[in-house]
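Generate coordinates for the entire structure from the input sequences, incorporating the hints supplied.
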Amino acid sequence: MSAEVLIHAKKPALAWDTINNARLGNLTMNDWGPDGGQFDMPGDLDPFTPVEVEIAGTKVWAGETIESLPALNDSQQRLRGGQYQLDDDPFERHWVHTNLKEWSDLKSSFDAQNIPAAMIAPGFALEHENKLIFGWIRGAVATAGYDLLAGIYLDFGPDVSDVKQVSFGYTAWSAMPFPWNTLTTLYVQNMSNGPNTDPVGETVLAENFNTLGTTGARTITFAAPRRYVRILLYFEISGATDGFTFAANNLIMLNSIRCFRSTAYASGGASILKANQVVTDGLPFAPGLSQSAVDLAVPATALTAGYAPLELRSLRDHAETVYAPYGHQLSVGPELRLRARTAPTVPLYNVAGDFSGARGGSGDVIYNRVIATGQDDASRPLRVTRTSAQLGIVTFLDKLVPVRYRTKFISASGPTDLTTLTALADTELRNSSRIKMSTSLSLGIGDITGYLSGEDVHPSRLLTAYGELVILENAIDPDTGDKGRQARVISGSYEADSEVMTLRVDEDRGHPQFRAPSMLDTTH
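Residues in the sequence shown are numbered from 1 upward in steps of one, following our numbering.
Take the hints with a grain of salt, since some may be wrong.
Quick list of in silico lysine-lysine cross-link-like pairs, DSS-like style, CA-CA up to 30 angstroms [said to hold, decoys possible]:
| id | residue 1 | residue 2 |
| --- | --- | --- |
| 1 | Lys131 | Lys274 |
| 2 | Lys131 | Lys107 |
| 3 | Lys59 | Lys11 |
| 4 | Lys399 | Lys483 |
Distance ranges between label pairs, derived from CB positions [claimed, not checked]:
| id | residue 1 | residue 2 | range |
| --- | --- | --- | --- |
| 5 | Thr203 | Ser108 | 17 to 25 angstroms |
| 6 | Thr245 | Ser267 | 41 to 49 angstroms |
| 7 | Thr245 | Thr407 | 53 to 61 angstroms |
| 8 | Pro47 | Thr407 | 47 to 55 angstroms |
| 9 | Ser104 | Pro284 | 26 to 34 angstroms |
| 10 | Pro284 | Pro42 | 33 to 41 angstroms |
Hints were generated in silico from the structure; no laboratory data involved.
Predicted model only: the values in this text are computed from it and were never measured.
Glycine is no exception: its CB is placed at the ideal position from the N, C-alpha and C atoms.
Right under this line is the structure:
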């Protein structure tokens, strides 16, 4: 007896309703969840109508209509899965900004026209060897009647990426004699600026120098977040100092600066931003998905080097990037909730059917050493080398006598640190350590046994098995020679007429076939 198929749709301003006389064609999924599909029905549905499909009492697919096409006496509704809402609304946002090269001289700031030229002309600012230096050099001339400003500013972006907290380390020095060395003050400002208006914001005293030549660190928390931040060295002209020439340098050097979007992401001036917080912040850009973050794995480590992409990115791209070091499986299921989880290590289903082409044997995918390169938050180069022996992995290359090394190179394009870079290298090394098996399986009634429940399940249930491990009972494990090889589900297609599920699997020994192209540029 065929399984009951129910197709539900939610028309604008109406409740969910079951579509009568609908005929399901096929549904597909990939490793991100529901992918595409189609069904026939009398009449048609508008694009972007939410649709759910229930088979044998289980909701196995959720998404929306994207197009209606003529189909005999009915119309064919072409579907796309809910995962594609992750791509609909790219956005730009900075969470923790650390790149010193993106700061600019105060003289080029958006409101420099509101500062008298005599105040800012004598000063300078420059980036040198991943340090920011600004102030006044020997020979700079102050104009009578004007105080002096020298400094730097950062535009945090046009989105809601507003600076709430700034943390920095500094070295200050001056060869000027008393009392001129006591007239220098350091301020930090955050500002917003509307068309044809003066900046509105907050100014906080960071350091009132009695003498320059000291080192220190400061963390400034503003009352309200704003788009722009400035760090200013202020020299107060008074009395005998009116209109004079600097006889010595009067400078400050910033060794590092971290700008935080919210105090929730800062602790003692250090980043505690984690991958799940980035994704949670981005969920409003996919309003058709659940705004719940309960299924987002919380990594043990923070994005210590910060995360401040410089271009518009989709929520999918942000999620891939921040979860890449941890090898998490990402998906949007029938519940339309973005999920990030540690890749499963326990198989969910036994597959008893026979199939061919399951033996893989290409050495092109086998590596036992990974060299990963990147840069830290000050744009200094980083490099880490990881081998299979360090991870306790034995590859086919390791079994050769003598051992032969084969190296994969990875370039991490975003700011990173050695801990994150090592995690990326380890994830890639696990993915590349063994011969992969890629094959398709066509599974009908009786070919699948619930590994957890011990009961037969309908083939359509595997539409929700993206990223899951399955045991292929009749496949030979190349390492042990025994039957029962594990494989990970990477895509599938369910044909309703025949009640057959075709799976594409890729054997990877419990490690995700997951790449983050926005962060990893992998070459062989």
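Hint by hint, here is what the structure shows:
1. Restraint check for Lys131 and Lys274: the C-alpha separation of about 26 angstroms stays at or below 30 angstroms, so the hint holds.
2. Only pairs whose Cα atoms come within 30 angstroms are accepted, and Lys131 paired with Lys107 is accepted, the gap being roughly 18 angstroms.
3. Between Lys59 and Lys11, the direct Cα distance comes to roughly 19 angstroms. Compliance with the 30 angstroms bound is thereby established for this hinted pair.
4. Pair hint Lys399 plus Lys483 holds up; C-alpha atoms about 22 angstroms apart against a cutoff of 30 angstroms.
5. Restraint check, Thr203 to Ser108: a C-beta distance of roughly 20 angstroms satisfies the suggested window 17 to 25 angstroms.
6. Against the hinted window of 41 to 49 angstroms, the Cβ-Cβ separation of Thr245 and Ser267 comes to about 45 angstroms, which satisfies the hint.
7. Evaluation of the 53 to 61 angstroms hint for Thr245 and Thr407 yields a pass: the beta carbon distance comes to about 59 angstroms.
8. In this structure the hint that Pro47 and Thr407 lie 47 to 55 angstroms apart at CB holds, the actual value being about 48 angstroms.
9. Restraint check, Ser104 to Pro284: a C-beta distance of roughly 30 angstroms satisfies the suggested window 26 to 34 angstroms.
10. Remark: the range hint 33 to 41 angstroms for Pro284 to Pro42 is upheld by a beta-carbon distance near 37 angstroms.
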